[in-house]
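S.K.: Numbering (my numbering), first residue to last: 3 to 206.
Think of the hints as simulated: they come from the structure by calculation, not from any bench. Heads up, none of these hints are tricks.
Taking lysine to aspartate or glutamate and the DMTMM-like style, the derived pairs with C-alpha atoms no more than 25 Å apart in a straight line are:
1) K95 with E114
2) K95 with D138
3) K95 with D46
4) K95 with D51
5) K95 with D52
6) K95 with E119
7) K95 with D124
8) K95 with D54
9) K95 with E72
Note that the structure is a prediction, hence the values are computed from the model and not measured.
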Amino acid sequence: MAWNLTGTYLESCNCDVVCPCTTSGLTAPADHERCQVTFAFHVDSGNVDDIDVSARNVAVFVDAPQVMSEGGWQVALYVDASADDAQAQALGKVFSGQAGGPMAGLAPLIGEVLGMERVSIDYRDEGRRHAVRVGDAIDIEIEDQVAPQFGEDGPVMRLTGMFHPVNSTLTIARSTRARASGVYGRSFDFTGGNAHAAPFTWSG
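All chains, please: the whole structure from these sequences, using the hints.
M.R.: See the structure below:
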């Protein structure tokens, strides 16, 4: 199976800004007892085994131990309801790691797949604000951070050289809204917590 995807992503978790999981390559303890994180992706352009998956969205929710590298992750996958059956199957293979690529590197850490759902996913990039709504389950908005000394129009702060499946350079952001209910029995409000955004280019 040959595939390639390009697009943008956002991430929101329950750690403080900036989360130790990201800056330690998953080896430092999270700020709280569990690490709960949502990754959301908008595919600007993509092809999976000759199936066009452009303009489709995917979200991945992870509930992991405090030290993420220990494994035992519980993972839920949400695929855009606007995808047809072939597109949904293709995206499911890529974002579950079955098709290789960056997500395959995380597969050994997964202890339980909570489920895969096809739901309405609304993903938006609006300047320094990025947002996603995943059905009735997850509602997130994040804002890229700027050092106050530079003023509102200053450069966005970034982390570089990261060990991260999406990109080695991540924008430092904060969740201005991060709420969920009914995520396989989980509800949360991580507003004010850690967030990231970045473009991604994957292939396999």
